[in-house]
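For chain A, the structure is supplied; the task is to place chains B and C with the ligands on it using the hints.
Protein chains in written order, with the working numbering: chain A, 1 to 104; chain B, 1 to 488; chain C, 1 to 489.
Hints were generated in silico from the structure; no laboratory data involved. Glycine included, each C-beta is placed from N, C-alpha and C at the ideal position. Fair warning: there could be bad hints in the mix.
[Said to hold, decoys possible] Label pairs and their in silico Cβ distance ranges:
id, chain 1, residue 1, chain 2, residue 2, range
1, C, R271, A, E28, 37 to 43 Å
2, C, L262, B, G370, 27 to 33 Å
3, A, D73, B, V289, 52 to 58 Å
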Amino acid sequence: MSVDAPGITLEDLRRLADLARLELGDGEATALAADLARILGFVRQLQELDTAGVPPTAHVMELATPLREDEPDAPLPPEEAIRNAPAHEGTAFLVPQVLDSDEA
Amino acid sequence: MVAALGTLRELAHALEAGTCSAHELVRQSLERAEALEPALGAYLGLRAEAALREAEEADRRRARGAPRSPLDGIPVAVKDNLAIRGEPLSCGSRILRGYVSPFTSTAVAHLERAGLVVVGRTNLDEFAMGSSTEHSCAGPTRNPFDPERTPGGSSGGSAAAVATGSVPAALGSDTGGSVRQPASFCGVVGLKPTYGRVSRLGLVAFASSLDQVGVLARSAEDAALLLGVVAGHDPADSTSLPQPVPDYAAALSGDVSGLRIGIPKEYFPEQGGNAAVFERVRAAVAELVSAGAREVTVSLPHTRHAIATYYLICTAEASSNLARYDGVRYGHRSPRARTLAEMYRRTRSEGFGAEVKRRILLGTFVLSAGYFDAYYRKAQQVRTLIRRDFERAFEHCDLIATPTTPEPAFRLGERERDPVSMYLSDIYTVSVNLAGLPAISVPCGEVGGLPVGLQLIAPPLGEPEVLRAADAYQRRTDWHRRRPAEAA
Amino acid sequence: MPRAGSRYEVVIGLEVHTQLRTRSKLFSEAPVTFGEKPNHAVTPYCLALPGTLPVLNARAVELAIRAGLATHCTVHTHSVFARKNYFYPDLPKGYQISQYEEPICTGGWLEIEVPAAGGEEPQRRRIGITRIHLEEDAGKSIHDESLFGEGTLVDLNRAGVPLLEIVSEPDLRSPEEAGAYLRALRELLRAIEVSEADMEKGQFRCDANVSIRPEGSRELGTRTELKNLNSFRFVEEAIAAEVGRQAEILDAGGRVQQATLLYDPDRRRTRVMRVKENADDYRYFPDPDLVPLRIDPARIEAIRAELPELPEARRARFEAELGLLPREAAALVRNRSLAEYFEAAARAHGDPRAVARFLLRDLLAALGDRQPDETALPPEGLARLLRLVDDGRLTARSARDLLPELLERGGDPEALMRSRGLEAVSDAGALGGVVEEVLREHPGEVASFRAGEQKLLNFLMGQVMRRTRGKADPASVRELLLRRLGQGG
Ligand SMILES: [Mg+2]
Ligand SMILES: [Zn+2]
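Pulled out of the complex, with its shape left as it was, chain A reads as follows (with noise of 0.2 Å):
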């Protein structure tokens, strides 16, 4: 499998930003863009590599499924879970409206 040089366009990382919830200012955006380039252009070189049939590795270690009891514990008391909260209303979290258009 080979991928073509990953040209990283200006839109391209308005679309990543975008994906990642982050801002980018104009000059930032156009630095970022570049760094990602560069970055992608050094990590092209594992393309070189044949690895068919070569298994993943997500894992380094072959573990049993730890598994837990369904036994309850008690929860955090509310004041506690809401206690670094920026805004919060009763005990429940407080945020901008949420629009049926917005996917935040």
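Structure of chains B and C with the ligands alone, referenced to chain A:
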């Protein structure tokens, strides 16, 4: 200035002999830390009041003849990406401004159970992403041997604190070399255990499949003592290893006869890097050989792909791990946001520094539709090849020796402009994380007045072997006793 | 629904999210609650505090296996948890832990009863189940009026509650079939105690993928996704409305756009929430905090052995062994508690068909929304009651009249019959006297009857019944009267 603290072993002896109290040690630690800050920038916060109170409790326990462990009452420092109940947890990021953790990480809980006193939270690259401790919202930590240079990173604060003797030892975390590289740059011992050996519960995630809590200390013996405290199975971490923890200190026999030390030819190139560094590392291996070890040549052919593999995997995981910093439940929230969409974008843009954003964007790209197979999946496959390289090499040797870094500490700001050159400084450390292996960095000389580190790598759960070899080396040399001049 | 049924074939696939019956959440020890105050059932993990990690709930895995076995799926000994990345305030980690490429169960089916027109016996069909996987529920965004549109409240009590997502093949061909599938699935999940599947508590939710194609076409049309259908009625209505909308578009020569829609039950119309220009990019990848889920094959077999009899097997047995009509068997197995009650009563009584008829006609009416096992009348009591009817000591009507009290207070049906004085008068001697009396008192009617006015028989019967206060067995009264009036036989 108050004197530097001794080693864990020395302090434990002093406490046992009654020649000093825990309260005195903790006060000395705090005073020394305060005197060295802010020029050093090793700490993000000191727990003066709490630490002194805990020291008094340790003294009372010892007076009753019931210390929690031989290390009860000894001050240590903890990298500020390990949660401590009731304490700020910043990860060197603006986005966690004001955040106080309601729970304690398992590693720190183990310290507390052994009676060790956490005197402060140490500086780091934001979310442990970096190799220089420059990317901290609180400003950089400086190298104790040269304030114009970096201490390495991301556990640069812990390394500098140990090097300057405000604490005898500290905890760090190592995702791609973040314990070993700063240990090397600051002339201390840094040990990254096998993946899963120390619980990650309460360690703020950077790249979950690579992150591992490690220890920084002045000697291999101290590293063994501290690892023995923090290692162990934790049912609250699904990637924690169930194997029992051996007595690491008991493994330090000083005997390396018959030990086969593998020299990976790819790690000692004819050119590139700093020739003096390679010379020091070769001399260190020769020292072990003269003590009875045997040198064998091995090959790790996929090493040259380790950095690329590492940056694809760690940024992919990081882009997801850092999605939770959204300003909803804790941390920074942009005051300029009127809609929810603005709140997300502005909060994250104001809260994260440039390097973190760079990695989030790269990771987002790597996982995105159309690129996943060519980048993320490919990197996971190469990760398999890198693991197999090690498995094959360990058929011929017991330990692998390499430089920890190809060069000594670089200058502050030197690699700021070029992320790839910064990433390349981790060339000898990241493959160890990709394979989940234990490795140690031991001071083995100086180049231009700057420390150089020898890295020893073992198969999974080979901590006793790397510690024994490192300790044997330190019994024959005294590089680890050198301190930076200013702080002497 | 303009002409849709005649010219287009409807293709529906359903994605059901059902809440597993566990006490704690999928990856944390937080309790599973309902109706609790905001953020009163959360742990640091539920809040996605820095440094928190997931540990899988063993019970949730067991329930997922059970659901997979009950739907004839392959239960995989190796499955993988993946992160589905997206931002929303009720999603605290910024990703949902779900299963993606390697779910726990794949390739099963569920048998449904397709409603048939006008009195025909229902048809049965197998609806394919593509996959079943485990995942976390999200929290809840509350749009509180009192905030005057200033903000939204976020409650994470539900965040992390274990869900099973059950995805069907696009095998359903009408809104009614979709409804039948959902009912069968819910009944099954309840029968095997995997989920309470209470729709009102949001424990059983459905998304529908709907497309239409010209009849005879093999190609699938562009599908739209209907979200959050939270009652059976809405599912059928919403799909019907959406089929109509798509048919109108195609009829007008237009093209259906891939979109996510919501159903507006007041206006009985679907409304486009969001057009999918390019597919969502959830950036799924294996969760590095969780190792693959490995299940011992022996464990799967042990769970299979413990499974109760499934509704469809029970239905087949009721038909084959107990001789019930397909309609009766289907009606009984729709409710597990009723089916079990029926079997016990039938065993005690001996005539399954008679018991089934009484249950489906009289008992169901008397139960209201109670389950039979929640009442004071055990199945054996019901069998005794029916035996009194068989023996002619109690009329069917009196038996029905006794039900409310028996269900409420229990006790011996025969004793209750006596205390209410409802013992049937059926022997010729006792009834004969009453009949003679009635004939004597109504000579005009008797004469008219004999002259051919047949309907007067009912009048005379009514007189006898009134005099016996309903205790007379109508068949015996009729026989006696006819004999006396000279038309017996
Ligand atoms: Mg779905
Ligand atoms: Zn789902």
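Results for each hint:
At roughly 39 Å, the beta-carbon separation of R271(C) and E28(A) lies within the given 37 to 43 Å, and the hint holds. A C-beta distance of roughly 30 Å is found between L262(C) and G370(B), which places it inside the suggested range of 27 to 33 Å. Under the hint 52 to 58 Å, the C-beta atoms of D73(A) and V289(B), about 54 Å apart, fit the expected range.
When the structure is compared with the earlier hints, no violation turns up for any of them.
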